[in-house]
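2 protein chains.
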Amino acid sequence: MKEHAQGETRKVVTPSRKPVAFSIAGFDPSSGAGVTADIKVFAAHDLYGMACITALTVQSTLGVRRVEPVAAETIRETLACLREDVLPAGVKIGMLATAEAVSEVTRFLSEAGIDPQRVVLDPVIRSSSGKELLNPEGVDRLRLELLPHVGWVTPNIDELAVLTGIGTSDKEVIPMAAARLQVLANAGANPKLHVLVTGGHLHRPDDFLLTPDGKSLWLKGERVETQSTHGTGCAFSSALLCSLIEGRVAEEAAAEAKAYVTAALQAAYPVGRGKGPMHHLFVRRSG
Amino acid sequence: MKEHAQGETRKVVTPSRKPVAFSIAGFDPSSGAGVTADIKVFAAHDLYGMACITALTVQSTLGVRRVEPVAAETIRETLACLREDVLPAGVKIGMLATAEAVSEVTRFLSEAGIDPQRVVLDPVIRSSSGKELLNPEGVDRLRLELLPHVGWVTPNIDELAVLTGIGTSDKEVIPMAAARLQVLANAGANPKLHVLVTGGHLHRPDDFLLTPDGKSLWLKGERVETQSTHGTGCAFSSALLCSLIEGRVAEEAAAEAKAYVTAALQAAYPVGRGKGPMHHLFVRRSG
Numbered sequence: 001m002k003e004h005a006q007g008e009t010r011k012v013v014t015p016s017r018k019p020v021a022f023s024i025a026g027f028d029p030s031s032g033a034g035v036t037a038d039i040k041v042f043a044a045h046d047l048y049g050m051a052c053i054t055a056l057t058v059q060s061t062l063g064v065r066r067v068e069p070v071a072a073e074t075i076r077e078t079l080a081c082l083r084e085d086v087l088p089a090g091v092k093i094g095m096l097a098t099a100e101a102v103s104e105v106t107r108f109l110s111e112a113g114i115d116p117q118r119v120v121l122d123p124v125i126r127s128s129s130g131k132e133l134l135n136p137e138g139v140d141r142l143r144l145e146l147l148p149h150v151g152w153v154t155p156n157i158d159e160l161a162v163l164t165g166i167g168t169s170d171k172e173v174i175p176m177a178a179a180r181l182q183v184l185a186n187a188g189a190n191p192k193l194h195v196l197v198t199g200g201h202l203h204r205p206d207d208f209l210l211t212p213d214g215k216s217l218w219l220k221g222e223r224v225e226t227q228s229t230h231g232t233g234c235a236f237s238s239a240l241l242c243s244l245i246e247g248r249v250a251e252e253a254a255a256e257a258k259a260y261v262t263a264a265l266q267a268a269y270p271v272g273r274g275k276g277p278m279h280h281l282f283v284r285r286s287g
Numbered sequence: 001m002k003e004h005a006q007g008e009t010r011k012v013v014t015p016s017r018k019p020v021a022f023s024i025a026g027f028d029p030s031s032g033a034g035v036t037a038d039i040k041v042f043a044a045h046d047l048y049g050m051a052c053i054t055a056l057t058v059q060s061t062l063g064v065r066r067v068e069p070v071a072a073e074t075i076r077e078t079l080a081c082l083r084e085d086v087l088p089a090g091v092k093i094g095m096l097a098t099a100e101a102v103s104e105v106t107r108f109l110s111e112a113g114i115d116p117q118r119v120v121l122d123p124v125i126r127s128s129s130g131k132e133l134l135n136p137e138g139v140d141r142l143r144l145e146l147l148p149h150v151g152w153v154t155p156n157i158d159e160l161a162v163l164t165g166i167g168t169s170d171k172e173v174i175p176m177a178a179a180r181l182q183v184l185a186n187a188g189a190n191p192k193l194h195v196l197v198t199g200g201h202l203h204r205p206d207d208f209l210l211t212p213d214g215k216s217l218w219l220k221g222e223r224v225e226t227q228s229t230h231g232t233g234c235a236f237s238s239a240l241l242c243s244l245i246e247g248r249v250a251e252e253a254a255a256e257a258k259a260y261v262t263a264a265l266q267a268a269y270p271v272g273r274g275k276g277p278m279h280h281l282f283v284r285r286s287g
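Those sequence lines, one after another, are chains D and G.
One point on numbering: in my numbering, the residue at position 29 of the first sequence is 29, and numbering is uninterrupted.
One point on numbering: in my numbering, the residue at position 128 of the second sequence is 128, and numbering is uninterrupted.
Incorrect hints may appear among the rest.
[Unchecked claim] If you want the footprint, here are the derived chain D segments under chain G, 3+ residues with CB under 8 Å:
id : region
1  : 21 to 30
2  : 40 to 50
3  : 57 to 69
4  : 76 to 84
5  : 268 to 279
[As the list claims (entries may be wrong)] In silico lysine-lysine, DSS-like type, Cα no more than 30 Å apart, as pairs:
id : chain 1 : residue 1 : chain 2 : residue 2
6  : D       : K18       : G       : K131
7  : D       : K131      : G       : K18
8  : G       : K18       : G       : K192
9  : D       : K215      : D       : K192
10 : D       : K171      : D       : K192
11 : G       : K192      : G       : K171
[As the list claims (entries may be wrong)] Residues from chain D that face chain G, not an exhaustive set, calculated with beta carbons under 7 Å:
id : residue
12 : R17
13 : K18
14 : T36
Keep in mind the hints are simulated off the structure, nothing from the lab.
All residues carry an ideal CB built from backbone N, CA and C; glycine is no exception.
Put together the whole structure using the sequences plus the hints.
Listed below in structure tokens is the structure:
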């Protein structure tokens, strides 16, 4: 990069602003998941990412060792501070850790006036290594308080079961459980909820989309043979948000997010001794 | 990205591993500085970034509002957890916030067996908006405990003055103050310290390099007319680490890091109402 001329003052023409996306999620030191991964996903879609950390985790590719929630007051201050500075084009919500964090994020969404159709909730409840990432009171508030404020929710089959009380080890039951989740949101006065159930844990990783007007669709998935599966759920929900910000309709946005994750899995290179990260930045759409 | 074939299991050839760089620094929600910015700088140089957060900050492009240090125990656990998983090719150290954090990082460096010539210390003491980012006891420990374990230190002129007691508003005094910092490190038994004084606050933003064998060099800088100067010091030290990991000799590494920052400033687009971020990912060297 030495060809850049040095020694002279140079005026730079300012390009147009890029949309800013917020990630409200946990911090993963290995950067396969959480806010740092989300910021990479946003960058891959040519969006600028800002973030509010809800919890520090001690983890590596070998699993989550400990979770340290951030104080609700700090979450509140962080979101207020960012909101005074920029208006986000959309918000992705990941791990929240505590009931208090769920309430802070709910308050933020209702006060900030962000279009719910640009809010994607990944209802993280448990890590793939089995660690609790949202306590039971938090799950209740997520369902009762937060769900009414989001346009999209992206549970995996385990999270869908916890949220609806309907076990979904059988693929045939997923549509019914997704509809049940919509009913729960409707009771909270949100008639506009998209439910997108991620099937990464299914034998064949198909996703199921249910739109607010009752259309449903299976998105056929491709199993990628790789160890680098850490944070696929995080990346999927963030990529979905990016596609929504770009103005895609529901089915297109879901398909694009799925294609992004598949490609990032295929592009992954080994990192660490356990489940490594995907290659979030395998592509960037612009300079 | 819809051209990716779906529906079939596909074997992926695993590319070779990329080097992993660690950032030990603060968290900036606006992502112009701190660990999320560092991870973007690493990615721009085709390195994979992992991070240990030393302090949460509440800040935006308008300045630092509050600093919340992370417990020393969490820092220790995080670094131990990462170290069991991967061997970093290099470490960048930024904001440390507390004396306890300085000691934890010192312990990590001495136990992990990382080549000091692949450790870059950006001795962050105060934010450009005037907030204290390392307490006085921390500054003492940084000088006495940490400095002997690093191969590179990148103070700006204010930090150089605090570390050496030699005021450096006069450009002519910088070489003497840099030499004084080497003497202090030598007393701590580190005869291999490179001092790279960043001149971003000078009328003409030249940097000064002093190598362990006493060679010195002014790197001529270019003033870029932009509001997007948030986190330039963070990005410079991280880019320097990247060039060192790539095997550059001292003068080349310093020049490359300076060229990276200049180009990232030139490529910046407006974000927020204050001092926005550089465009860290204006280039990526590979997929």
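Verification of the supplied hints:
1. Here's how the region 21 to 30 of chain D fares: 3 of its residues keep a CB closer than 8 Å to some CB of chain G, so the rule of at least three is met and the hint holds.
2. With 5 residues bearing a CB less than 8 Å from a CB of chain G, the region 40 to 50 of chain D meets the requirement of three and the coverage assertion stands.
3. Figure legend: the region 57 to 69 of chain D, annotated as covered by chain G; annotation consistent (8 residues with Cβ-Cβ distances under 8 Å, at least 3 required).
4. Counting residues of the region 76 to 84 of chain D whose CB lies closer than 8 Å to any CB of chain G gives 5, so the stated coverage by that chain holds, three being the minimum.
5. Counting residues of the region 268 to 279 of chain D whose C-beta lies closer than 8 Å to any C-beta of chain G gives 9; at least three are required, and the coverage claim holds.
6. Restraint check: the Cα-Cα separation between D:K18 and G:K131 comes to about 29 Å, which is no more than 30 Å; the hinted pair holds.
7. Under the criterion of a C-alpha separation no larger than 30 Å, the hint pairing D:K131 with G:K18 is consistent with the structure, at around 29 Å.
8. Only pairs whose Cα atoms come within 30 Å are accepted, and G:K18 paired with G:K192 is accepted, the gap being roughly 27 Å.
9. For the proposed pair D:K215 and D:K192, the alpha carbon gap of about 12 Å is at most 30 Å, so the pair holds.
10. Of the pairs offered as hints, the one joining D:K171 and D:K192 holds, with about 24 Å between alpha carbons and a cut-off of 30 Å not exceeded.
11. Of the pairs offered as hints, the one joining G:K192 and G:K171 holds, with about 24 Å between alpha carbons and a cut-off of 30 Å not exceeded.
12. Look at D:R17: its Cβ gets to within about 5 Å of chain G, closer than 7 Å, so that hint holds up.
13. For D:K18, the shortest C-beta to C-beta distance to chain G is roughly 6 Å, which falls under 7 Å, so the interface hint holds.
14. Checking D:T36 against chain G by beta carbon gives a least distance of about 5 Å; that is within 7 Å, so the hint holds.
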